[in-house]
Amino acid sequence: GAGVSQSPSNKVTEKGKDVELRCDPISGHTALYWYRQSLGQGLEFLIYFQGNSAPDKSGLPSDRFSAERTGGSVSTLTIQRTQQEDSAVYLCASSEGVWQQETQYFGPGTRLLVL
Amino acid sequence: RKEVEQDPGPFNVPEGATVAFNCTYSNSASQSFFWYRQDCRKEPKLLMSVYSSGNEDGRFTAQLNRASQYISLLIRDSKLSDSATYLCVVNKGGGNKLTFGTGTQLKVEL
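Going line by line, the protein sequences match chains A and B. At position 96 of the first sequence the residue is numbered 96 (this note's numbering), and the sequence of numbers has no breaks. At position 70 of the second sequence the residue is numbered 70 (this note's numbering), and the sequence of numbers has no breaks.
None of these hints come from the bench; they were simulated from the model. All figures in this text were calculated on a predicted structure; none of them were measured in a lab. Any given hint could turn out to be false.
[Unchecked claim] No more than 25 Å apart at the CA atoms, straight line, and that leaves these computed lysine-lysine pairs for DSS-like: (1) A:K57 x B:K107; (2) A:K11 x B:K42; (3) B:K45 x A:K11; (4) B:K42 x B:K107; (5) A:K57 x B:K92.
[As the list claims (entries may be wrong)] DEER-style ranges, computed between Cβ atoms: (6) A:G71 x B:R41: 27 to 37 Å; (7) A:L39 x B:N12: 40 to 50 Å; (8) A:S62 x B:N12: 35 to 45 Å; (9) B:S68 x A:L113: 25 to 35 Å; (10) A:S38 x B:D39: 16 to 26 Å; (11) B:R76 x A:R81: 28 to 38 Å; (12) A:G97 x B:A29: 14 to 24 Å; (13) B:D77 x A:E14: 46 to 56 Å; (14) A:L39 x B:D7: 15 to 25 Å; (15) B:P8 x A:Q84: 18 to 28 Å.
[As the list claims (entries may be wrong)] One side of the interface only, derived from the structure: several residues of chain B facing chain A at Cβ under 10 Å: (16) R1; (17) E3; (18) G16; (19) R41; (20) L46; (21) R76; (22) V89; (23) N91; (24) N96; (25) G101.
Even for Gly, the Cβ is constructed at its ideal location relative to N, Cα and C.
Only chain A is shown next, with the shape it has when bound in the complex:
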């Protein structure tokens, strides 16, 4: 079946602009996660959504970052007033639930470059 998809694949933007990154999780998966991977760094948790519960935003690095998940499916990560240090690969993952052994399936990522 279809895996997690993300768009765009690549995004180049100028410092100070806003960007929106989209994630389509695997159909039927109730949990959705955003991570980012900066050059030479491990993946860093940003936010996760589980069903209708309030999202866990504990990993968002600043208030310029926000995310929403509409209808329990598609999610959008928004970065306002982008900075050069926001350049990274933004990865979305989904899982059937949030049991700790649940496998998270990752999308191909969006490579963001802020000039």
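For this one, chain A is given, so just place chain B on it according to the hints.
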């Protein structure tokens, strides 16, 4: 100190060799553990979960030592296709948020 620490490598090994990777984690309350594989410019994919009793999947064996907060991955009979970055991953609990190490790079050569 990083929450999950790995030797970045690279480990360059000949085909057929046995190679072992180690990982340490700092949070003693961590509850579940995984090895993910990431190919160059690709997304991470689950290789295997790691259990206290140790577990094996074909040529891959994972071990967990909770007392030492140490996780290992052993690859036997290395194949060229095993060349990738291996990510040590920990779930601290309180939801399914994963904490990743920076990865160990493996290069299997002819």
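### Query
Of the hints given before, which are not true for this structure?
Violated hints: 1, 7, 9, 11, 16, 18, 21; rest satisfied.
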